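Participant: Residue strings, one per chain:
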Amino acid sequence: MKSLGSIRRSFAPWADPDAKPFIAFENVTKRFGDFTAVDNLSLNVYEREFFALLGASGCGKSTLLRMLAGFEEPSSGRILLDGQDLAGIPPYRRPVNMMFQSYALFPHMTVEKNIAFGLKQDGMPKADIEKRVADMLKLVKLGEFAKRKPHQLSGGQRQRVALARSVAKRPKVLLLDEPLGALDKKLREETQFELMDLQQELGLTFMVVTHDQEEAMTMADRIAIMDKGEVMQVATPAEVYEAPASRFVADFVGSVNIFEGRVAGREDGRIEIATADGVTILADDATAAPGEGTVWYAVRPEKIRISSRKPENPALNAIEGEVWDIGYLGDMTVYNVKLTSGLVVRSSELNSQRTTQDPLTWNDRAWLTFPADAGVVLTR
Amino acid sequence: MTRLASAIAARVTIIVPYLWLLVFFLAPFLIVFKISLSFTAISMPPYTPTFDLSEGWQAFTEAFSELSFENYLWLWDDALYINAYLTSVWIAGVSTFLALLIGYPMAYAMARSPDSLRPLLLMLVILPFWTSFLIRVYAWIGILKPEGLLNQFLLWLGVIDAPLVITGTYAAIYIGIVYSYLPFMVLPLYATLEKMDFSLIEAAQDLGSTPAGAFWKITVPLSVPGIVAGCMLVFIPAVGEFVIPDLLGGSQTLMIGKTLWNEFFANRDWPVASAVAIVLLLVLVVPIMFFQQAQAKAQERGQ
Chain A
3 MKSLGSIRRS
13 FAPWADPDAK
23 PFIAFENVTK
33 RFGDFTAVDN
43 LSLNVYEREF
53 FALLGASGCG
63 KSTLLRMLAG
73 FEEPSSGRIL
83 LDGQDLAGIP
93 PYRRPVNMMF
103 QSYALFPHMT
113 VEKNIAFGLK
123 QDGMPKADIE
133 KRVADMLKLV
143 KLGEFAKRKP
153 HQLSGGQRQR
163 VALARSVAKR
173 PKVLLLDEPL
183 GALDKKLREE
193 TQFELMDLQQ
203 ELGLTFMVVT
213 HDQEEAMTMA
223 DRIAIMDKGE
233 VMQVATPAEV
243 YEAPASRFVA
253 DFVGSVNIFE
263 GRVAGREDGR
273 IEIATADGVT
283 ILADDATAAP
293 GEGTVWYAVR
303 PEKIRISSRK
313 PENPALNAIE
323 GEVWDIGYLG
333 DMTVYNVKLT
343 SGLVVRSSEL
353 NSQRTTQDPL
363 TWNDRAWLTF
373 PADAGVVLTR
Chain B
6 MTRLASAIAA
16 RVTIIVPYLW
26 LLVFFLAPFL
36 IVFKISLSFT
46 AISMPPYTPT
56 FDLSEGWQAF
66 TEAFSELSFE
76 NYLWLWDDAL
86 YINAYLTSVW
96 IAGVSTFLAL
106 LIGYPMAYAM
116 ARSPDSLRPL
126 LLMLVILPFW
136 TSFLIRVYAW
146 IGILKPEGLL
156 NQFLLWLGVI
166 DAPLVITGTY
176 AAIYIGIVYS
186 YLPFMVLPLY
196 ATLEKMDFSL
206 IEAAQDLGST
216 PAGAFWKITV
226 PLSVPGIVAG
236 CMLVFIPAVG
246 EFVIPDLLGG
256 SQTLMIGKTL
266 WNEFFANRDW
276 PVASAVAIVL
286 LLVLVVPIMF
296 FQQAQAKAQE
306 RGQ
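Protein chains in written order, with our numbering: chain A, 3 to 382; chain B, 6 to 308.
FYI, nobody ran anything at the bench for these hints, they're computed from the structure. Nothing here was measured: the structure is a model prediction, and the numbers come from that model.
Below are the DSS-like pairs computed for lysine-lysine, each with C-alpha atoms no more than 27 Å apart in a straight line: (1) K222/B <-> K174/A; (2) K128/A <-> K222/B; (3) K151/A <-> K200/B; (4) K122/A <-> K222/B; (5) K115/A <-> K302/B; (6) K222/B <-> K149/A; (7) K115/A <-> K174/A; (8) K133/A <-> K151/A; (9) K302/B <-> K149/A; (10) K188/A <-> K151/A; (11) K200/B <-> K149/A; (12) K302/B <-> K151/A; (13) K174/A <-> K22/A; (14) K149/A <-> K115/A; (15) K143/A <-> K188/A; (16) K340/A <-> K305/A; (17) K115/A <-> K200/B; (18) K222/B <-> K133/A; (19) K115/A <-> K222/B; (20) K122/A <-> K140/A; (21) K302/B <-> K200/B; (22) K222/B <-> K151/A.
Just chain A, with the same shape it has in the complex (with noise of 0.2 Å):
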């Protein structure tokens, strides 16, 4: 595997064999009925992380979060919160605080009276509410909306009532459960930013649970991946798309081409992978060896060059097809290259640096290059 550190900041607690983590999940299942939403669940959340549970929806990453704020017990399998076993905790007396995806204000109060309800609940003096509160709405820029209802504010509004009011306890752990989704796409673009500084102004441990990839990727330390109530791959956002464990994360995360194939053969670290669309690969791989089962060379459309004509170096990847469809996104054009046993291979090329000399248009005959690191091998 490549080193690939982390590139937001040197921050990675995961990575030191002594870090304790913060909320550990142990062997956790959830069962409704015969459905199983998290099954045989392990996973580790440092603090200060900002961590992403990314999935599909029905894939279980609500319910962790639920249970985590304690409105679902898990069948087995146990929660701890900075040591603590979290089971048979009421939701009311868990350090936690969940902003919730509906946002969940209370319609009959104030922005001010819903960040102040919380506090209440803990018996704070009034006047530290008052100043608690005050700090709040700063913090999220709402001060002259404080004598406001919900329903006169915005979307956008609204969302940073809630989440003033889910950080105004200054709780262990902040949940939010898809925290953006709600919002149209620009606003949410900002609000990512935001979340983040707010993270750090805070210093406090975030689980955010989103079906958005892009928002996983841009916020979160690190993802965990999950399906069918199974984690997938918990890795830094850059691992995630560098490095996918299997084919569901690379499929998951960005657009990928999939070659199936066999090992035909292996010399210095490199193999040569016999594909079922008639094409050789060669792979940078350390592992698999000929003649085991099925592997899969996955390569993403940006790792591959586009040209019409055929490559000179013997040391790249080349195969041979015809431009099917050309889509031009404005920062960049991506080309779907039908190849001949009618596999269509997608390679995508940033605008500002077109290699191409010749521009291609639909049915011309296209070489697709790409050198042996550029995708990586999986057996899963």
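Got chain A; can you put chain B on it based on the hints?
Facilitator: Same frame as chain A, but now just chain B:
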């Protein structure tokens, strides 16, 4: 031309409900009000004066001067009427409170039950309306009377040695009213509770509120429109209730509906009966105004 036509159509649409109110509410009200200002007479109709244009305009205007508020003074002077009003309001109030105590948990349970079960539960609440109101009240006599089902059951259990006297008491009236008007309490409560977002309760608990705390701070305030609507729907008809006190309460119970009936049919005193009805209406207008105000407030809140 078509614009004019549609403008006229719009006017007509607005006029229809007003016309309805005028013909079926305001006109009868004015007639009753006029009778309440008249005097009893052994004649047909049993009061004077009567307005009759055949006697000429002079006689018509003179009839006006004969009208007086004497009947209202009579109501004020005789403690019977005031007591009847107060008793009615008290009984209606207590019944409304009891209906709320029973209806709220019912509505709450219905709103929280699985989606597939709700239509059935709703049906069960409405089901009694399939049977005549009068028959259902008679059925209660069969249950509550000394040799009735309830007493037989309690005797059989050995809880009591002698039959309880329930019919003919206020207890029977409370039972009757609460039973009869419970659906009117449950339905508006269910409507508001069913709309409520359950994640609000979770949010309250997440912020440190116990389930009981969340109920009082979130569920109850948010169901106020339903509580108000349910209470009005029970209280208003219960104040003027006649059948239940007559059948279950026996002769000595004093409720305004019964008093009115007595004045009208037993004493054949239409003017006093009309005055009783007008005062009853005024007594009820106050809670209705309350109700309307609460509704407007709720609408303002956007719920």
